[in-house]
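Peer 1: For reference, the chains in residue letters:
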Amino acid sequence: MPRNRQNQGLYPGHMNKIYEKFAEKLFLLSAILSISVTILIFGFMLILGLPFIREGNFFNLFTQPWSPHQGLYGIYPMIIGTMSVSLLSIVFAFPLSLGCASLISVLGPKGFSRFFRKVVQFMTGVPTVIYGFIGIFLLVPIIREIFQGGSGMCILSASLMLTVLVSPTMILFFIDSFDQVPKTFINAIDALGGSKVQKLLYVMLPNAWRGILSGLILGLGRAFGDTLIALMIAGNAIKTPGSVLDSARTLTSHIALVIASDYESMEFKSIYACGISLYIFTTITVLCVRFLRTGPKGVTK
Amino acid sequence: MNIRNFIVGITMAFLTLSATTNVRADALDIFKNEKGIIKIAGGTAHIPVVKEAAKRIINFNPDIQISIAGGGSGVGIKQAGEGLVDIGNSGRMPSESEIKRYNLKVFKWAIDGVGIIVNPKNNVKTLSKIQVIDIFSGKINNWQILGGKNKEINVYTRNEASGTRAVFWKKALNKGKITSKANFVVSNGAMKSAISQDPYSIGYVSAGHIDKSVAPIAVDHVLPTLDNVKKGSYKIVRGLYSNTKGDPSGLIKKFIDYLLTPECQEIVRTKGFIPVI
Chain A
1 MPRNRQNQGL YPGHMNKIYE KFAEKLFLLS AILSISVTIL IFGFMLILGL PFIREGNFFN
61 LFTQPWSPHQ GLYGIYPMII GTMSVSLLSI VFAFPLSLGC ASLISVLGPK GFSRFFRKVV
121 QFMTGVPTVI YGFIGIFLLV PIIREIFQGG SGMCILSASL MLTVLVSPTM ILFFIDSFDQ
181 VPKTFINAID ALGGSKVQKL LYVMLPNAWR GILSGLILGL GRAFGDTLIA LMIAGNAIKT
241 PGSVLDSART LTSHIALVIA SDYESMEFKS IYACGISLYI FTTITVLCVR FLRTGPKGVT
301 K
Chain B
1001 MNIRNFIVGI TMAFLTLSAT TNVRADALDI FKNEKGIIKI AGGTAHIPVV KEAAKRIINF
1061 NPDIQISIAG GGSGVGIKQA GEGLVDIGNS GRMPSESEIK RYNLKVFKWA IDGVGIIVNP
1121 KNNVKTLSKI QVIDIFSGKI NNWQILGGKN KEINVYTRNE ASGTRAVFWK KALNKGKITS
1181 KANFVVSNGA MKSAISQDPY SIGYVSAGHI DKSVAPIAVD HVLPTLDNVK KGSYKIVRGL
1241 YSNTKGDPSG LIKKFIDYLL TPECQEIVRT KGFIPVI
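Chain order of the listed sequences is A and B. For the first sequence, the numbering used here gives the first residue as 1, with consecutive numbering after it. For the second sequence, the numbering used here gives the first residue as 1001, with consecutive numbering after it.
No lab work stands behind these hints, which were simulated from the structure alone. Since the model is a prediction, treat every value here as computed from it, not as a measurement. Heads up, some of the hints might be wrong.
[Claimed, not checked] Computed cross-link-like contacts, EDC-like style, restricted to lysine to aspartate or glutamate with a CA-CA straight-line distance of at most 20 Å: (1) B:Lys1121 to A:Glu145; (2) B:Lys1105 to A:Asp262; (3) A:Lys269 to B:Asp1247; (4) A:Lys239 to B:Glu1263; (5) B:Lys1212 to B:Asp1227; (6) A:Lys110 to A:Glu24; (7) B:Lys1181 to A:Glu264; (8) B:Lys1245 to A:Glu145.
[As the list claims (entries may be wrong)] Here are some of the chain B residues that sit facing chain A, going by a computed Cβ distance under 10 Å: (9) Glu1052; (10) Asn1059; (11) Ile1077; (12) Leu1084; (13) Lys1151; (14) Val1155; (15) Lys1171; (16) Asn1174; (17) Asn1183; (18) Gly1189; (19) Ser1249.
Every residue gets a Cβ at the ideal spot worked out from N, C-alpha and C, and that includes glycine.
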């Protein structure tokens, strides 16, 4: 914007500086705001979870089962549930998304790519509830019939449905990172007579891997935080799941299920501890990835 | 939960639009010249009756808006107590401490059974009380022992907020344990659809919600029918309550009064519950 103004000759140079300063402060303010919200949420959970933590229960949380009638408020089964549902969904979603993104960006014919891209963009806007319903009425009976055991409400069903949920986000992110590969590189491989597959394998993927990793984390984050699909399809049993065909409860659906209990009860207070652990897990994941991306010595790539 | 709110909301909006004038208007006369909004949340067993009552009131006087949400008895009591809704429904009597803490006024307007249900394809039709306890605790985990197919039993239960669960746990399971393998659903409606989908399932639901999509189980040869509940031969029964914070007044009081009129008690009967007057 400042450059335009200068071209029109309406404002002298120092006005530009004021604008720049103003914009800088504005963005600083919004940055501080968003950081403080994040910190405040953590503080809020910590303060409200304090009565629970003070009783020395916090670390028991991670080892005990959930059995409020016996005074056990552990979330170990839910942690396992969250981990298995989200990781499994990423295992399904990553190759699928990478394949789709490659097809759209490099391999596919132009018209087809454009159409496919529109479809994917449309899919990002579909509400989770819709996927939940499709899961209950289509996927769950199929899984139940195929594996001939259990209710069909299990980790596998939930993670398959989550795959559908997180894939569009990942695909779009991958496409973006493919688009950022310098044009000169692509021209060079075209000039050398490289095939599309060679272009993908030797130019696109090595140059876009950081974006791909970010997309992967973003997808993992969505899978981690999604409540509705797991709540509707995973079955919500409080037993520690032993296989992918077992019913399981994720941390988020656990919070959703327990939140309706009495405010004063220990069950209710334990959800704050749940929230804290969910928060910590997400932070650790993000930090790990940052570390991976920058390398051990802080050198990028 | 939200879906239910949404659907009810849509239904209400539609009914408001299609308001007809030829409604019997004796018990409804109290709503003449009234205006305002009634917010109701909580017990999911109550919804069929409350929805029908709301429909008639809105048809009679379109200036009144009524929103009905689910959530479970715990949610109903909590939200009424916190002043988030005008009327909080519960399928169990609020506890002493809840009544004291929130200064709740409790109105009982129907009696309901909690029935055990299985999929209609299941050929097991009757169970003893001991068998029920063993199934829900996980001790019996195959239908074959009970005369069904050689399939694992999928137990469904409700979350902590549910009054249906509280009553079932106390009166059918004698406060016994529920297997940790049990699947959790969040409303009577969700329980019904889960059971109707899963051929090897067992669960429990408000007797008023039992229809053709699920098959009721006779406990000690007594089916959870209206007659058996009334006669007292079916034992797993509870009241349906509406709770308000302090004494209700104005429109809210009129709504509660309406629930206890003969006309509305007739709705209670047709929806499969026992009237209280």
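Peer 1: Decide, hint by hint, whether the structure agrees.
Peer 2: Checked hints:
About 15 Å separates the Cα atoms of lysine 1121 of chain B and glutamate 145 of chain A, which keeps this hinted pair within 20 Å; it holds. Under the criterion of a C-alpha separation no larger than 20 Å, the hint pairing lysine 1105 of chain B with aspartate 262 of chain A is consistent with the structure, at around 18 Å. Annotation: proposed proximity of lysine 269 of chain A to aspartate 1247 of chain B is violated, straight-line Cα distance about 30 Å (limit 20 Å). Distance restraint check for lysine 239 of chain A and glutamate 1263 of chain B: the Cα-Cα separation of roughly 47 Å exceeds the 20 Å cut-off, and the hinted pair is therefore not satisfied.
Taking the CA atoms of lysine 1212 of chain B and aspartate 1227 of chain B, the gap is near 18 Å; set against the 20 Å cutoff, the hint holds. At roughly 41 Å between alpha-carbon atoms, lysine 110 of chain A and glutamate 24 of chain A are farther apart than 20 Å, so this suggested pair is violated. For a cut-off of 20 Å, the pair hint linking lysine 1181 of chain B to glutamate 264 of chain A is broken: about 27 Å separates their Cα positions. Proximity of lysine 1245 of chain B to glutamate 145 of chain A is assessed by CA-CA distance (about 49 Å); at most 20 Å being required, the pair is judged violated.
A least Cβ separation of about 25 Å between glutamate 1052 of chain B and chain A goes past the 10 Å threshold, and the interface hint is therefore violated. Contact between asparagine 1059 of chain B and chain A, as hinted, is not supported at the beta carbon level, the nearest pair being about 30 Å apart and thus beyond 10 Å. At a threshold of 10 Å, the smallest CB-CB gap from isoleucine 1077 of chain B to chain A is about 8 Å, leaving the interface hint in force. Checking leucine 1084 of chain B against chain A: minimum C-beta separation of about 12 Å lies over 10 Å; hint violated.
Interface hint at lysine 1151 of chain B: satisfied, since its Cβ lies 8 Å from the closest Cβ of chain A, which is below the 10 Å cut-off. Contact between valine 1155 of chain B and chain A, as hinted, is supported at the beta carbon level, the nearest pair being about 9 Å apart and thus within 10 Å. A least Cβ separation of about 17 Å between lysine 1171 of chain B and chain A goes past the 10 Å threshold, and the interface hint is therefore violated. The interface hint given for asparagine 1174 of chain B is broken, as the beta carbon of that residue sits about 13 Å from the closest beta carbon of chain A, more than 10 Å.
Using the Cβ-Cβ criterion of 10 Å, the hint placing asparagine 1183 of chain B at the interface with chain A is satisfied: the shortest such distance is roughly 4 Å. Using the Cβ-Cβ criterion of 10 Å, the hint placing glycine 1189 of chain B at the interface with chain A is not satisfied: the shortest such distance is roughly 12 Å. Given the 10 Å rule on beta carbons, the hint for serine 1249 of chain B is violated: about 26 Å separates it from the nearest Cβ of chain A.
The earlier numbered hints that this structure contradicts are 3, 4, 6, 7, 8, 9, 10, 12, 15, 16, 18, 19.
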